[in-house]
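The hints should help you fit chain B with the ligands onto chain A, whose structure is shown.
Residue strings, one per chain:
Number of protein chains: 2
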Amino acid sequence: MEFPSKLIENAVGELSRLPGIGKKTALRLALHLLKAETDTTASLAEALAKMRFEIRYCDTCHNISDTPECAICANQLRDQSTVCVVSDIRDVIAIENTAQYQGMYHVLGGVISPIEGIGPADLTIDSLLERVTKEGSEIREVILAISPTMEGDTTAFYLSRKLRDLPEVHVSSIARGIPMGGELEYADEITLGRSIVERQRQARQ
Amino acid sequence: MEFPSKLIENAVGELSRLPGIGKKTALRLALHLLKAETDTTASLAEALAKMRFEIRYCDTCHNISDTPECAICANQLRDQSTVCVVSDIRDVIAIENTAQYQGMYHVLGGVISPIEGIGPADLTIDSLLERVTKEGSEIREVILAISPTMEGDTTAFYLSRKLRDLPEVHVSSIARGIPMGGELEYADEITLGRSIVERQRQARQ
Ligand SMILES: [Zn+2]
Ligand SMILES: [Zn+2]
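Chains as they are written, first to last, in UniProt numbering: chain A, 1 to 205; chain B, 1 to 205.
Next up, chain A with everything else stripped away, as it sits in the complex (with noise of 0.2 Å):
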């Protein structure tokens, strides 16, 4: 596709490097924008980059959070007897849609795959255990609600096994109302809630 202007052309360019945003969507939001007012460029140019500059994590889970205690952490009326462990901030997003879990989280930041040179050590494991095995622990439970894709499968493996040897701790996995291979934000709000409720308690290995 030829462009009449290099502006175009370098928006075009970084647009479709979105997941998802093909040349032709692109070019469709860019006119989009020529057409608007420039302060929608403006707040949208200025929103994106404040986003990614200022964005900071909660220290103990690891969500998203605008202060070093997250929202969810910060709140005494949760049930700090209970950790849901997900692979990434949107599954957190889409569990508390449900509105079926009053517990906390912990975010890993992706799940183990060797085929992309993602190890243990690049998620939040040992974060995880120390907040499970740290002096003074509330934690009777931790909730495996990571997705049934292979790799999900490998990491809530990995976790069990590491998680097994503490007798005071429940391990448990969301139940399988999600489809085998399917991803956990894909699941309608129903389903995934159901999942929650109905988790399974883990044998121990």
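No wet-lab data here; the hints were simulated from the structure. One or more of the hints may lead you astray.
Identical copies look the same in the list; a pair holds intra-copy or inter-copy alike.
[Stated by the list, open to error] Straight-line C-alpha distance at most 16 Å; calculated EDC-like pairs for lysine to aspartate or glutamate:
id	residue 1	residue 2
1	K24	E151
2	K6	E69
3	K6	E54
Note that this is a predicted model, so its numbers are computed, not measured.
Chain B with the ligands in isolation, oriented as in the chain A frame:
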């Protein structure tokens, strides 16, 4: 949807103001940017802002251009006697991609739409008439390549009325290979290219 951070909430809000981007897609884009290097977001934000604030239009044809005269108007190898009138910049890009047209362009900047309050004076119609009628003009044919929607037809009709009294200029329309009610930009290249080649000269009304 609840967000763990105002920064994300703002970014998702701005992204979902773009056409065809819902909240869920916007969130996926935002989280993608958060995972990628900060450079990715910086380049995107900069390219968008630069495009919006520095964009210029060709003085002659009103196509987007980084210079006062666009590359098409400046190209002496193109046929100066034919002007293809389109509503939008993306139509120029679409027609150029067919490689079937070697003449000039004129970008109206929209179509006449009483509902949206767009009248002839809001488009570059006067500029087109000036180009066609000015002393020494080489223009002998004006091709109306406007999407055959209701507003497009109204605009084409208005233009042919304005142009019909110029004995030395023929007015033609692109062949209706394009489905009625269809948008020019969605046409495949072959259909669009053929509709230019097989354009129909309008009978003088
Ligand atoms: Zn937290
Ligand atoms: Zn031009």
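Evaluation of the provided hints:
When the C-alpha separation of K24 and E151 is checked against a cutoff of 16 Å, the pair qualifies neither within a copy, at 33 Å, nor between copies, at 24 Å. Taking identical chains as interchangeable, the C-alpha atoms of K6 and E69 lie at most 16 Å apart only when they sit on different chains, with a minimum of 14 Å there against 44 Å within one chain. For the identical chains of this complex, K6 and E54 are inter-copy neighbours only, at 11 Å across copies versus 30 Å inside a copy, given an alpha-carbon limit of 16 Å.
Of the numbered hints listed earlier, the single one contradicted by the structure is hint 1.
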